[in-house]
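Go ahead and model the full structure; you've got the sequences and the hints to work with.
Chains A and B, in that order, give the protein sequences.
For what it's worth, the working numbering labels the leading residue of the first sequence as 1, then goes sequentially.
For what it's worth, the working numbering labels the leading residue of the second sequence as 1, then goes sequentially.
Warning: the hint list may mix true and false statements.
[What the hints assert, rightly or not] Below are the DSSO-like pairs computed for lysine-lysine, each with C-alpha atoms no more than 27 angstroms apart in a straight line:
#1 40(B) - 22(B)
#2 38(B) - 19(B)
#3 98(A) - 40(B)
#4 53(B) - 18(B)
#5 9(B) - 53(B)
#6 98(A) - 38(B)
#7 41(B) - 110(A)
#8 40(B) - 3(A)
#9 22(B) - 98(A)
#10 3(A) - 38(B)
#11 98(A) - 9(B)
#12 41(B) - 9(B)
#13 98(A) - 53(B)
#14 22(B) - 53(B)
#15 98(A) - 41(B)
#16 19(B) - 41(B)
#17 3(A) - 41(B)
#18 69(A) - 41(B)
#19 40(B) - 110(A)
#20 41(B) - 22(B)
Quick caveat, the hints were computed from the structure, so don't treat them as lab data.
Spelled out from the first residue to the last, the chains are:
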Amino acid sequence: DAKTTQPNSMESNEEEPVHLPCNHSTISGTDYIHWYRQLPSQGPEYVIHGLTSNVNNRMASLAIAEDRKSSTLILHRATLRDAAVYYCILRAYNQGGKLIFGQGTELSVKP
Amino acid sequence: DTEVTQTPKHLVMGMTNKKSLKCEQHMGHRAMYWYKQKAKKPPELMFVYSYEKLSINESVPSRFSPECPNSSLLNLHLHALQPEDSALYLCASSQEKGREGRAGELFFGEGSRLTVL
Numbered sequence: 001d002a003k004t005t006q007p008n009s010m011e012s013n014e015e016e017p018v019h020l021p022c023n024h025s026t027i028s029g030t031d032y033i034h035w036y037r038q039l040p041s042q043g044p045e046y047v048i049h050g051l052t053s054n055v056n057n058r059m060a061s062l063a064i065a066e067d068r069k070s071s072t073l074i075l076h077r078a079t080l081r082d083a084a085v086y087y088c089i090l091r092a093y094n095q096g097g098k099l100i101f102g103q104g105t106e107l108s109v110k111p
Numbered sequence: 001d002t003e004v005t006q007t008p009k010h011l012v013m014g015m016t017n018k019k020s021l022k023c024e025q026h027m028g029h030r031a032m033y034w035y036k037q038k039a040k041k042p043p044e045l046m047f048v049y050s051y052e053k054l055s056i057n058e059s060v061p062s063r064f065s066p067e068c069p070n071s072s073l074l075n076l077h078l079h080a081l082q083p084e085d086s087a088l089y090l091c092a093s094s095q096e097k098g099r100e101g102r103a104g105e106l107f108f109g110e111g112s113r114l115t116v117l
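Dropping the structure here:
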């Protein structure tokens, strides 16, 4: 399984944008980049995914480098409810649904 | 209904007990998953079911026995567990093939917190 590298922790101020980086230098052409987050005392929840182009949805934006060796999850205005562990995951097209979590980034949001 | 429901929320069992964890979804998903999560660690994949058949077993010890009696239900039978098996057990489901011809996003339950004494 291709590996991702994320900072262990990050801090943000409420109502400011947050950029969560992820390195995946061994990504293959069939790997999708997924982001999930896990709020305290809850199961993980899907945030966003992409292949090559930048993606936006109601929760966040995903910016993917041109060489696909890194990506950034962007929360446009952090709220206290966004405090969670954010996981960047590579999911191979042909892996039959396998989703393997890395260590993730613990995001704290200060009021 | 986008919920995955897991019961019980908490379970305490002795090493000689037999118990089961249950998971239910009504989203029509045909892929279901069990993950194990220790404190301050990421979830670890244990099993994947696809169309009620076991498709992935991540070398899980036989004291954990999964079962998928129908497309909405997933069980995890527990027998002769060890204290180090104490963890949060997460169930998830997804479409088997999404719009992009691959398995869809996973929907997770809140987990069953297991303590083995």
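How the hints compare with the structure:
Distance restraint check for residue 40(B) and residue 22(B): the Cα-Cα separation of roughly 24 angstroms lies within the 27 angstroms cut-off, and the hinted pair is therefore satisfied. Between residue 38(B) and residue 19(B) the CA atoms are separated by roughly 19 angstroms; this keeps the pair inside 27 angstroms, and the hint holds. With a CA separation close to 22 angstroms, the supplied pair residue 98(A) and residue 40(B) stays within the 27 angstroms bound. Between the alpha carbons of residue 53(B) and residue 18(B) the distance comes to roughly 23 angstroms, so the proposed pair stays at or under 27 angstroms and holds.
Of the pairs offered as hints, the one joining residue 9(B) and residue 53(B) holds, with about 26 angstroms between alpha carbons and a cut-off of 27 angstroms not exceeded. Distance hint between residue 98(A) and residue 38(B) is fulfilled; the C-alpha atoms sit about 19 angstroms from each other, no more than 27 angstroms. A threshold of 27 angstroms between alpha carbons decides the hint, and for residue 41(B) with residue 110(A) the separation of about 23 angstroms falls inside it, so the pair holds. A C-alpha spacing of about 19 angstroms is found between residue 40(B) and residue 3(A), which places the hinted pair at or below 27 angstroms, so the restraint holds.
At roughly 21 angstroms between alpha-carbon atoms, residue 22(B) and residue 98(A) fall within 27 angstroms of each other, so this suggested pair holds. Taking the CA atoms of residue 3(A) and residue 38(B), the gap is near 20 angstroms; set against the 27 angstroms cutoff, the hint holds. For the proposed pair residue 98(A) and residue 9(B), the alpha carbon gap of about 25 angstroms is at most 27 angstroms, so the pair holds. For a cut-off of 27 angstroms, the pair hint linking residue 41(B) to residue 9(B) stands: about 19 angstroms separates their Cα positions.
Under the criterion of a C-alpha separation no larger than 27 angstroms, the hint pairing residue 98(A) with residue 53(B) is consistent with the structure, at around 15 angstroms. Distance hint between residue 22(B) and residue 53(B) is fulfilled; the C-alpha atoms sit about 17 angstroms from each other, no more than 27 angstroms. In summary, the hint linking residue 98(A) to residue 41(B) is supported, as the alpha carbons are separated by about 18 angstroms, within the 27 angstroms threshold. The suggested pairing of residue 19(B) with residue 41(B) holds, with an alpha-carbon distance near 24 angstroms, which does not exceed 27 angstroms.
Annotation: proposed proximity of residue 3(A) to residue 41(B) holds, straight-line Cα distance about 16 angstroms (limit 27 angstroms). The hinted pair formed by residue 69(A) and residue 41(B) meets the criterion: a straight-line CA distance of about 25 angstroms does not exceed 27 angstroms. With a CA separation close to 21 angstroms, the supplied pair residue 40(B) and residue 110(A) stays within the 27 angstroms bound. At most 27 angstroms may separate the alpha-carbon atoms for a hinted pair to count; residue 41(B) and residue 22(B) meet this at roughly 23 angstroms.
Comparing the model with each earlier hint shows no violations; every hint is respected.
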